[in-house]
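Using the supplied hints, reconstruct the complex from the two chains, each of which is provided in its own coordinate frame.
Order-wise, the sequence lines are chains A and B.
Residue numbers for the first sequence, in our numbering: 278 to 430.
Residue numbers for the second sequence, in our numbering: 4 to 380.
Warning: the hint list may mix true and false statements.
Unchecked claim - Covered, in the sense of this in silico footprint (three residues per stretch, anywhere, with C-beta under 8 Å from a C-beta of chain A), are these stretches of chain B:
#	segment
1	54-67
2	225-234
3	315-327
4	338-344
Hints are computed from structural coordinates only; laboratory data are not their basis.
Since we're looking at a predicted model, the values are computed, not measured.
Glycine included, each C-beta is placed from N, C-alpha and C at the ideal position.
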Amino acid sequence: MDNENLKNIITSVIPECEFSADESQFLNVIVKPEEFRKLAEFLRYDPETQMDYLFCMTAIDWTTHFFTIYHLTSSVTNFTVVIKVKITDRETPNIDTVCDIWKTAEFHEREVYDLFGIKFNNHPDLRRILLEDDWVGYPLRKDYKDEINIVEL
Amino acid sequence: MTEQELITNIETAPETQEYFINMGPQHPSTHGVLRLLLTLDGEIIKKVEPHLGYIHRSIEKMCEKDSYQQIVHLTDRMDYLSCHMNNEAVCLCVENGLQLEIPERVKVIRTIISELTRLSSHQLWWGVMGMDLGAITTFLYGFRDRELITDIFEETCGARLTMNYNVPGGVMFDIHPNFQKRTKDFITYFRKKLPEYDELLTGNVIFTERTKDIGYLSKEDAISYGVTGPSGRASGFACDVRKRFPYSAYDRVEFKEIIYTEGDCFARYKARIDEMWESMKIIEQLIDNIPEGEHKAKTKAVIKLPEGEYYQRVETARGELGVYIVSDNKKSPYRVKFRSPGFSNLSALDTMARGNKIADLVATMSTLDLVIPDIDR
Numbered sequence: 278m279d280n281e282n283l284k285n286i287i288t289s290v291i292p293e294c295e296f297s298a299d300e301s302q303f304l305n306v307i308v309k310p311e312e313f314r315k316l317a318e319f320l321r322y323d324p325e326t327q328m329d330y331l332f333c334m335t336a337i338d339w340t341t342h343f344f345t346i347y348h349l350t351s352s353v354t355n356f357t358v359v360i361k362v363k364i365t366d367r368e369t370p371n372i373d374t375v376c377d378i379w380k381t382a383e384f385h386e387r388e389v390y391d392l393f394g395i396k397f398n399n400h401p402d403l404r405r406i407l408l409e410d411d412w413v414g415y416p417l418r419k420d421y422k423d424e425i426n427i428v429e430l
Numbered sequence: 004m005t006e007q008e009l010i011t012n013i014e015t016a017p018e019t020q021e022y023f024i025n026m027g028p029q030h031p032s033t034h035g036v037l038r039l040l041l042t043l044d045g046e047i048i049k050k051v052e053p054h055l056g057y058i059h060r061s062i063e064k065m066c067e068k069d070s071y072q073q074i075v076h077l078t079d080r081m082d083y084l085s086c087h088m089n090n091e092a093v094c095l096c097v098e099n100g101l102q103l104e105i106p107e108r109v110k111v112i113r114t115i116i117s118e119l120t121r122l123s124s125h126q127l128w129w130g131v132m133g134m135d136l137g138a139i140t141t142f143l144y145g146f147r148d149r150e151l152i153t154d155i156f157e158e159t160c161g162a163r164l165t166m167n168y169n170v171p172g173g174v175m176f177d178i179h180p181n182f183q184k185r186t187k188d189f190i191t192y193f194r195k196k197l198p199e200y201d202e203l204l205t206g207n208v209i210f211t212e213r214t215k216d217i218g219y220l221s222k223e224d225a226i227s228y229g230v231t232g233p234s235g236r237a238s239g240f241a242c243d244v245r246k247r248f249p250y251s252a253y254d255r256v257e258f259k260e261i262i263y264t265e266g267d268c269f270a271r272y273k274a275r276i277d278e279m280w281e282s283m284k285i286i287e288q289l290i291d292n293i294p295e296g297e298h299k300a301k302t303k304a305v306i307k308l309p310e311g312e313y314y315q316r317v318e319t320a321r322g323e324l325g326v327y328i329v330s331d332n333k334k335s336p337y338r339v340k341f342r343s344p345g346f347s348n349l350s351a352l353d354t355m356a357r358g359n360k361i362a363d364l365v366a367t368m369s370t371l372d373l374v375i376p377d378i379d380r
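Looking at chain B on its own, in the form it has when it is part of the complex (with noise of 0.2 Å):
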């Protein structure tokens, strides 16, 4: 075919028409009660509309009702798969307002117990990202290594999902006298088992081939979306808040923020795996060096913050997790905003889906890792 006749062919193509399709509430890729209305030509995706709130159980408005220790038990329920470190960043909240003196022991046991809840996190995540794309293989690998990280937790915190093992002014029992043999061992453990998972997926060609050049998100949009953790430091801007504004024992250990720049989906994939071998690095650090002292500071029955308002952000696995406290000096809070990584990451899904396919959406919301309950709070 010459070009002319190319270009005649073209224009008397028959057109097609945008149609919607409702991807969810009920749909195994969304990990839970997320609708997408999708626009769609062909298979090419022009828009993604997500609707959320299926689970809204306005905890802010709870809290206001709240004293400061009940609202930590809310915090669990937002992000599960990371709950240590949503419990964290009340309490530290609430010990900044407070100006209490933190044991050096509780810090290290937080530190290393929130690195366990990332690991754990992102074991799930890496088995269900697989499952999604069709292997069923990684699933079980994820949940068998992530199995010990909850016996562990079990055993020290008396619960394996949603511990509650942080209150204000430190944590709620001492450390089991197994925690430090069994952690230990399990990092030993995982050390064998994680080029496995490299093997599984990493390298395997189906895979590749799903995740690279999928889903981009510039540096520029990351930023301007706030899209943060391991989402965001994929595509290349460095938001770590552990690195950024250490907190807790963050600052007396070494290890390096993991930054890529290509920003798809393998990218993002490539930094939680990288990110697991960092936070093994952060426990062996620790594990040996628990100082010895109490494991709770001494508080006030009736917590009342002076009058004011406080802010603070950790690191949870999904990305930067704010607290926003204002208090007019009662026993519960005057108002609070969670600021959740999950419903800023989701607000990127719409430019990084533009132009895939719709099986690539799969691929993209798992790289996002999304937890429901954490977006509609």
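The shape of chain A in the complex, shown without the other chains (with noise of 0.2 Å):
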């Protein structure tokens, strides 16, 4: 199997998804959160993707949208896929969690929720994790202040 092979499966699944692998060294797609569940649980139990390993979970802040990134690969095909799922939602951006596919995502779910205030649905346990519970704002936004501890040169 091959990208293009992967693309076609993809697409059989969600039609409507870009693709991009020009900067990147992986196979990029690019969802919405509406359809990324459905993304996720098929290419974990289809028997032609197998992808069971999560091997890296992030967020980005693009300043007018987010992107919530998911690495995968399959331990059996060795092949590997990067989902980028587009958040425009700024006020309250949430997204279906993945952690009951991907026991990892429990806690990379809990780090991006932390630094990025990306919300979770259905996750089991949904704190802080690397911060103090009290801790205002989300450090990794791009509009994230602290003038004490940040210093602007």
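And the structure:
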């Protein structure tokens, strides 16, 4: 199986998705938050893809929108795909959890919630993980201001 | 007693009540500041809830303001026991983004020092693990042998722990003239000493009683939790980055990927001991064949990565470290994410410890080989 095949498989599940592979070494798929959960379940349980290893999960703040980024690979077929979910709602960003599909997502989603303020629906224990519970703001957002600890040059 | 009497006896036994205990943040077996909130029924663990972040420094946020050369130095402070591999990960990622051709000499030097770092990390782990289970001698033995490696580092890199030897494009200085001889001497010495480790702990009845069938992690859980490194391989998850995605000089050396299928503490212990033998094998294959040439490729003073995303993974002593850089063509990256092995390994602790006793949790934590700054970043 190569990237072309993988593209065809993903398009058969989610017809409206964008692909980009020019700027990264992996195949990138951009999906909407509503469709993400369906794609994740498919990639994990489909016998052809079997993406059982979520090796990196993070988010990016592009000031107008967020991306949550899932690096998936399969321990069987060794194929890698990167799912990017575009979240345009900056006030109450939210997305479905995948921690029942990949257990490692439980901690990683808590980290993203902690540092970006993205809520994960149906997460069993969504609390701050690295910062204190009463911390104000989400430090990895680009508009985060901390005049004491961050020195602007 | 008849069967019926037994059943009545059990039914009328007084009820037990679950209670909580805080283990850490100053507990000696957590090797740093990590707090575990234990839910207990008597001495049996019902749930482990890690509370982390005591030394969170927000390295990822700092990286967004720093140049690419500066980022390398921050990564030393994550997993300080595999600092060389952390540096290497960032350097490889940047070099990959710049499409920079790296001299062969650099690749070999990096691989040798990576393996020496892995050896020293495993030596420290072995010593500390013995001490966690009540054997002080192992601690002294482990540190005695580790000292020789740090001496080699001191001579070549100028520092003993956080070496900062890698820079984008190569290594900071050429190796010291003594480097090859001292490394070879060390390998000869350590080949004799490693069987001693086995004699002290591996065959010890008290030790095996406390590690066999304790802290079980299945292969499915290991993959699902993303448990990598020797811990993941002890559960049968073939996750060695050096084999799957060879970098530096790993494609030209022969070594075995250590895989155990038992998934208990003893398997994780054995996996690390075996890995030390493999590391020595790798060093021996390379130490006499360091190619001549430059120790650094020419780079610009200000590095700007082309717009795009770069992902690089390396195998540290604890598992798979991923560096994810998103660049917008400025002199500092737009976003950096470190996928640290400790963070994912820790998330499986709850599954491993459930149903065991508190004393077994100490053994389980030791074999996970957690380094707290790596988790907190």
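Taking the hints in turn, this is what the structure says about them:
Coverage of the segment 54-67 of chain B by chain A holds. Counting CB-CB distances below 8 Å, 6 residues qualify, and the rule asks for three or more. With a threshold of 8 Å between beta carbons, the proposed coverage of the segment 225-234 of chain B by chain A holds, since 4 of its residues qualify and at least three are required. Coverage of a stretch by a chain is defined here by at least three residues with a beta carbon nearer than 8 Å to that chain's beta carbons; for the segment 315-327 of chain B and chain A the count is 4, and the condition holds. Check result for the segment 338-344 of chain B against chain A: holds, 3 residues qualifying (beta carbon to beta carbon below 8 Å, three or more required).
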